[in-house]
Amino acid sequence: DQQVKQNSPSLSVQEGRISILNCDYTNSMFDYFLWYKKYPAEGPTFLISISSIKDKNEDGRFTVFLNKSAKHLSLHIVPSQPGDSAVYFCAASAVAQFYFGTGTSLTVIP
Amino acid sequence: DARVTQTPRHKVTEMGQEVTMRCQPILGHNTVFWYRQTMMQGLELLAYFRNRAPLDDSGMPKDRFSAEMPDATLATLKIQPSEPRDSAVYFCASGLPPPGRGGFGELFFGEGSRLTVL
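Here the protein sequences come in this chain order: A and B. My numbering applies: residue 1 is where the first sequence begins, and numbers increase by one. My numbering applies: residue 1 is where the second sequence begins, and numbers increase by one.
A hint or two may mislead.
[As the list claims (entries may be wrong)] Pairwise CB distance ranges, derived in the manner of DEER restraints:
| id | chain 1 | residue 1 | chain 2 | residue 2 | range |
| --- | --- | --- | --- | --- | --- |
| 1 | B | A2 | A | H72 | 42 to 48 Å |
| 2 | A | P79 | B | P81 | 48 to 54 Å |
| 3 | A | S105 | B | E83 | 38 to 44 Å |
[Stated by the list, open to error] Straight-line Cα separation of at most 30 Å, DSS-like style, residue types lysine-lysine; simulated pairs:
| id | chain 1 | residue 1 | chain 2 | residue 2 |
| --- | --- | --- | --- | --- |
| 4 | A | K68 | A | K5 |
| 5 | B | K78 | A | K37 |
| 6 | A | K56 | A | K5 |
| 7 | A | K71 | B | K11 |
| 8 | A | K5 | B | K78 |
| 9 | B | K11 | A | K37 |
| 10 | A | K68 | A | K37 |
Think of the hints as simulated: they come from the structure by calculation, not from any bench. C-beta atoms are modelled at their ideal positions from N, C-alpha and C, and glycine is treated no differently.
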């Protein structure tokens with residue numbers, strides 16, 4: 001059973017606009033949430049994270065929002081750039097657990 | 001430049017053959033994960049080691065898969081016998097659990113081992 005879900009397999013956005021990637025989770029024991037970025041033929045790399053005690057974390061063009069009551073988090077990229085085109089994985093962790101979603105392929109159109 | 005190293009990068013084999021994938025975690029990291037990337041499941045957790053002891057391998061098909069850490073610098077994932085449905089990219093990741101909190105922070109991934117079973 002998928003504990004972390006990304007329901008949008010793909011997303012296309014115009015350069016300069018906002019990209020919003022969504023993620024839902026089912027396990028209320030998760031206390032740390034992360035986003036990873038993956039280019040073809042490379043391993044995933046860490047992008048941004050948020051603790052369950054916060055509802056927002058911002059790092060440059062990237063902001064992660066957490067809604068614990070809805071068990072939902074989102075990643076906002078503003079402004080989107082062509083180099084942001086990649087697969088984005090949402091992840092959630094708790095004691096002895098670290099689960100990833102199925103990924104969303106983002107394409108930023110120049 | 002600390003990184004997770006995986007070998008082989010690519011492996012093509014025939015059904016029924018044994019396959020061994022190796023991972024060298026970042027020095028000092030005491031936690032190692034094995035993941036398999038598939039289209040349907042995304043990054044699927046196979047096994048998880050802390051201080052070389054397996055803590056969770058519930059995601060791994062036990063009849064053909066085995067994972068070990070012979071020492072702190074080497075993790076192995078073995079498939080015997082391999083089947084075409086095992087074709088995927090296998091990732092190893094290492095990290096350190098942060099003190100005083102349950103969930104993990106950042107994991108560092110290797111570049112993956114792409115396995116093709118014919």
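Outcome of the hint check:
{"no.": "1", "hint": "B:A2 <-> A:H72: 42 to 48 Å", "in the structure": "34 Å, violated"}
{"no.": "2", "hint": "A:P79 <-> B:P81: 48 to 54 Å", "in the structure": "51 Å, holds"}
{"no.": "3", "hint": "A:S105 <-> B:E83: 38 to 44 Å", "in the structure": "27 Å, violated"}
{"no.": "4", "hint": "A:K68 <-> A:K5", "in the structure": "15 Å, holds"}
{"no.": "5", "hint": "B:K78 <-> A:K37", "in the structure": "27 Å, holds"}
{"no.": "6", "hint": "A:K56 <-> A:K5", "in the structure": "20 Å, holds"}
{"no.": "7", "hint": "A:K71 <-> B:K11", "in the structure": "39 Å, violated"}
{"no.": "8", "hint": "A:K5 <-> B:K78", "in the structure": "28 Å, holds"}
{"no.": "9", "hint": "B:K11 <-> A:K37", "in the structure": "24 Å, holds"}
{"no.": "10", "hint": "A:K68 <-> A:K37", "in the structure": "23 Å, holds"}
Hint compliance for this structure: hints 1, 3, 7 are not met, and every other hint is.
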